[in-house]
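Chemist: Chains as they are written, first to last, in our numbering: chain G, 1 to 477; chain H, 478 to 958; chain A, 959 to 1048.
Please keep in mind that the hints were generated in silico from the structure rather than gathered at the bench. Because the structure is a prediction, the values reported are computed rather than measured. Do not take every clue at face value.
Here are some, though not all, of the chain A residues that point toward chain G, as calculated from beta-carbon distances under 7 Å [to be verified]:
| id | residue |
| --- | --- |
| 1 | ARG973 |
| 2 | GLN1012 |
| 3 | PHE1016 |
| 4 | LEU1019 |
| 5 | ASP1022 |
| 6 | SER1027 |
| 7 | GLN1031 |
| 8 | LEU1032 |
Okay, derived cross-link-like pairs now, SDA-like style, lysine to any residue, Cα gap no bigger than 25 Å in a straight line [to be verified]:
| id | chain 1 | residue 1 | chain 2 | residue 2 |
| --- | --- | --- | --- | --- |
| 9 | H | LYS812 | A | LYS1034 |
| 10 | A | LYS983 | H | ILE888 |
| 11 | H | LYS590 | A | LYS990 |
| 12 | H | LYS812 | G | PHE253 |
| 13 | H | LYS517 | H | ASN920 |
Yeah, the Cβ is synthetic: ideal placement off N, Cα and C, and Gly gets one too.
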Amino acid sequence: MIGLEIHAQITALNSKLFCSCRGNYRDLRPNSNICEICCGLPGSLPIINQKAIEYSTMTSIALGCKVPDKIMFYRKNYFYPDLPKNFQITQYNVYGISSIGIDGKYELDEAKQIRISRIQLEEDPGRIVYSEGGMNVGNTALIDYNRAGVALIEIVTEPDFTSPKEVRQFLNKLSLTLEHLGVCDTLLEGSVRCDVNVSMNGGNKVEIKNINSFKEVEKAINYEITRQSSVYNRNLNIELETRHWDDKKKITFKARSKEEEHDYRYFPEPDIPVIVLGSDFVANLKQRMPELPNQRFERFILKYKLSEHTSNILINDKKLADFFESTLKLHFSPTEIANILVTDFKSLIEDDTESTDYLKNLKVKPEHIAELAKLIEGNKISRITAKDILVKIFESGKLPSEVVNSSNSYKIADEKTIMDAVQSVFDTEKSAVEDAKKNREAINFLLGKVMKFTNGRADPKIAMRLINSKLSDPEKQ
Amino acid sequence: MTKLDDLLAYEVVEGLTEGQFTAEEYVISILKRIEEVEPKVHSFITLDTEGALSSAKIIDKKIREKEDIGQLAGVTVGIKDNISTQGIRTTCASKILENYVPTYDATVIRNLKENGAILLGKLNLDEFGMGSTTEYSRYRPTHNPWNLDYVPGGSSGGSGAAVAAGECTVALGSDTGGSIRCPSSFCSVVGLKPTYGRVSRSGLISYANSLEQIGPICRSVKDLVMMLNIISGKDAMDNTSMPSSPITVPNKLNKLNVAVIKELITGSDQEVAKSVFSASEKFQEIGFSCEEVSIKNLHYALPSYYTLASAEASSNLARYDNIRYGFDYPIGEYKWDTYFSNVRENFGEEVKRRILIGSYVLSSGYYGKYYLKARRLRSLLRLELLTLFKKYDLLIGPTMPILPFKFGEKIDDPIKMYLVDVNTVIANLAGIPAISLPIGFSNGLPIGLQIMAAPFEEQKLIDASYELEKVIHIQRRPNSI
Amino acid sequence: MISKEDLEHLALISRINLTENELEKFPKQLDKTIEYIDILEELASDDSINLDLQELRFEELRIDEISLSDDKQLNKNITDDGFLRGPKMK
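Isolated chain G (complex conformation) (with noise of 0.2 Å):
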């Protein structure tokens, strides 16, 4: 049994969650980013951001949560030298429901639903890097308090996984869910943090903390289970702990508890009063957040007349998506669009997705690809040269018709012309012509032919044609 415990900055946020900090703390000197709020100053009084409400509750929504009319704050109290003011302001729904979102259910593919036990939000602590590189004895701290204080969603759920990819599967769907709605870039550095539970037949649940990203979970979780199966192999007990995921050992070790006592000592925030959501906020909301993926899925089907194969791509990659319904707005022509996105497009910029904004750098713009699509639906190109045409439009940035018009590239729809080749191909290629008049499906063979003579050029169907009509007349020959 698995469950996931997933902290999500709201990268959305243009301030903190208290105070009007930069939200965005990354590559700025340390301590450039702080104020009286997120410091902790003596007399500073927490002052919470609207937006970040809206957003946490737009993530309760999209995990099928209830959210309450009414949501509150509470105190979880402990020290540690990145915590400003040695308690954090989170939620807690054990002395009555206070988080923006409860008992949810989320689907992964295959009929397979994992129950979210709970979504709340609450501030990051700033961060201690080390002296001389290590967390090893004798290293004083060095603390930054940038991020003090930025929004975090966390998402708590039941431990109803059963395998590491089925936990891989609802974090790439999270992710693209987070992306749709705008709340959470996960390819941003430390936007996302991941703890594990694992428990093994009916054993101690061992908690794995510390991993920083959602490529990692994968990894941790399998090395944990290896580690439990050998451990219960031998006949030991597997014990109630915490443990870290070290990334470069790729390995878990146990963890020195952090306090000895587990008793933050919760009490309601006095700072912050309760905040009455009001019973139309739900219904509104859903009006006005954007599009999830399984409903944008929907929508491309009906709308557009994809094919669920096609459609599955495109959502998976929501700039993708985007860039299509982009395209789609200069030239309305979905199936040829998506075609061209989804197949050649696709695998010319395999390589570079990792970056968050792979697809603003491209050369390569909607105005590129409809203008693309046009040509070939005008016949005016073939597919074999629409695909040359994309590859070399990739590497300058010049519009189809240009490159077309510079490498002489237009289709031949000259009969005289592709007469020409066809009598060329027959010229050189008699074995081949033999087999065509016995066998027709070696006739493609000869149309291969014929479109490579003319550079890709020919127009198939008067190709074929031709090619046939002399096949089946000897005089032609």
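Put chains H and A on the given structure of chain G with help from the hints.
Modeler: Frame of chain G, contents of chains H and A only:
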């Protein structure tokens, strides 16, 4: 002519505007007074003589050039040392914040400055606001100007004493369980704890944030109205602050229904009870109706207060680990948690006791037993009072159950000390406004009347106080200093 | 009854060192306080009345805008790179 340091705030504003004296003359008079009495009273932790004089000169220049000088122009204000003042050391009377200089002003300080007030300095208190006598200040206790062997009350003891002694014209204090009203009563001055949320807490160094408010301490009701209007208002920097209407000094008699809380009388010293009866008779003479009521849940109020206040304090004070600000204690070779514990050894005893109790009541297992019950009592008490306020405009009783006492009398027994707050915690728990008005003396020791009203009904408090002040003539300046 | 061990535990979770004197007299003093607040047990446990002092409506909350502060909130123990030098972690 009255000595300038004896003037009330509205008299200072009038006098300055009319050119009867300059701000500099007035401030010099105040500073002279401070020089005279401070060695006996010890109200101040930090005195900003230079700042006050230069502010005075700026005011005088504005007056000469006929510029707008603000509603509190030139009035000297003493600030309790748990309210953040930019550039001026703010210690909370604790070793832990000995070197702490805030980088920002509390909202109330900004409001005062915008209205031309002159900040004189920071006033003594019990450490972090925890106490009723200033005996828990790590500096030294403040002495009651009416009798220097006696406590001035607390925790805003420095504020109460300074106003009574004429060391400043008005002051700000904070009130978590009675910390404005107790020193007001013991020092024979007027002090108000506003409705919870009326005054911004941004910049108030938190002790128990669901219970406390900043409020004014003055020598007259009219001064109090001026101060309250300037510091009130919904503040974007405080999510618990709410909008409110300005208060006016009444220009005609507004007859109100008053009720005396029985339990507070029976729990008082005889002399105190006598004074309260006499005040209620005065109310009746001017046409208010006066009855007696009982509050059912009163005996749970003080235990609830200490539960909630300690719980919140244990969390609010967790941030003091000397890493980011604090006092001089080098990190050296200590491991982080050892360092934290060593640093925090420097809290005073009472602060330590409350933090420990707070951690205790919040521990899992005990949360339902104490904290939840205390919260429930808050709701019950508030409901009971709101019901009473449908029938009565005001509830009255003695501010303190006893007369001011001598130093050392209660310091060995924390519970004995806590019991001093039994009348005042009611208003903090229920979030309602409460004023303490001087109504007499017994053997030279001041007695105060506490008046409470429904949330945001400060106008009724002022209406009643103003009338009572007119008919009860209280000597304003102590003889002893 | 607060034992010396209980007291030491509370002091640990509160990160407060107690002096010898305090370790001596606190158990009794804290006991008295706890005894004093025990009276709260008489109150019923049901939560049917819960009068929150205030409520915030969603519409009143802070708009998500950046507003920078350059007040130099941290000015002790800062390294050349801008980090706050903290204690040893182990």
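Chemist: Indicate, hint by hint, whether the structure satisfies it.
Modeler: Here's how the hints hold up against the structure:
Proximity of ARG973(A) to chain G holds as hinted, the smallest CB-CB distance being about 5 Å (cut-off 7 Å). Checking GLN1012(A) against chain G: minimum C-beta separation of about 4 Å stays under 7 Å; hint holds. The closest approach between the C-beta of PHE1016(A) and any C-beta of chain G is roughly 5 Å, which is under the 7 Å cut-off, so the hint is satisfied. Evaluation of the LEU1019(A) hint against chain G yields a held restraint, the C-beta minimum of about 4 Å falling below 7 Å.
The interface hint given for ASP1022(A) is met, as the beta carbon of that residue sits about 4 Å from the closest beta carbon of chain G, less than 7 Å. Interface hint status for SER1027(A): upheld, as the beta-carbon distance to the closest one in chain G is roughly 4 Å, under 7 Å. Evaluation of the GLN1031(A) hint against chain G yields a held restraint, the C-beta minimum of about 5 Å falling below 7 Å. Proximity of LEU1032(A) to chain G holds as hinted, the smallest CB-CB distance being about 6 Å (cut-off 7 Å).
Annotation: proposed proximity of LYS812(H) to LYS1034(A) holds, straight-line Cα distance about 18 Å (limit 25 Å). Taken as a hint, the LYS983(A) and ILE888(H) pair is honoured in the structure, with Cα atoms around 13 Å apart against an allowance of 25 Å. For the proposed pair LYS590(H) and LYS990(A), the alpha carbon gap of about 45 Å is over 25 Å, so the pair is violated. Only pairs whose Cα atoms come within 25 Å are accepted, and LYS812(H) paired with PHE253(G) is accepted, the gap being roughly 23 Å.
Between LYS517(H) and ASN920(H) the CA atoms are separated by roughly 20 Å; this keeps the pair inside 25 Å, and the hint holds.
In summary, the structure is inconsistent with hint 11 from the numbered list given earlier, while agreeing with all the others.
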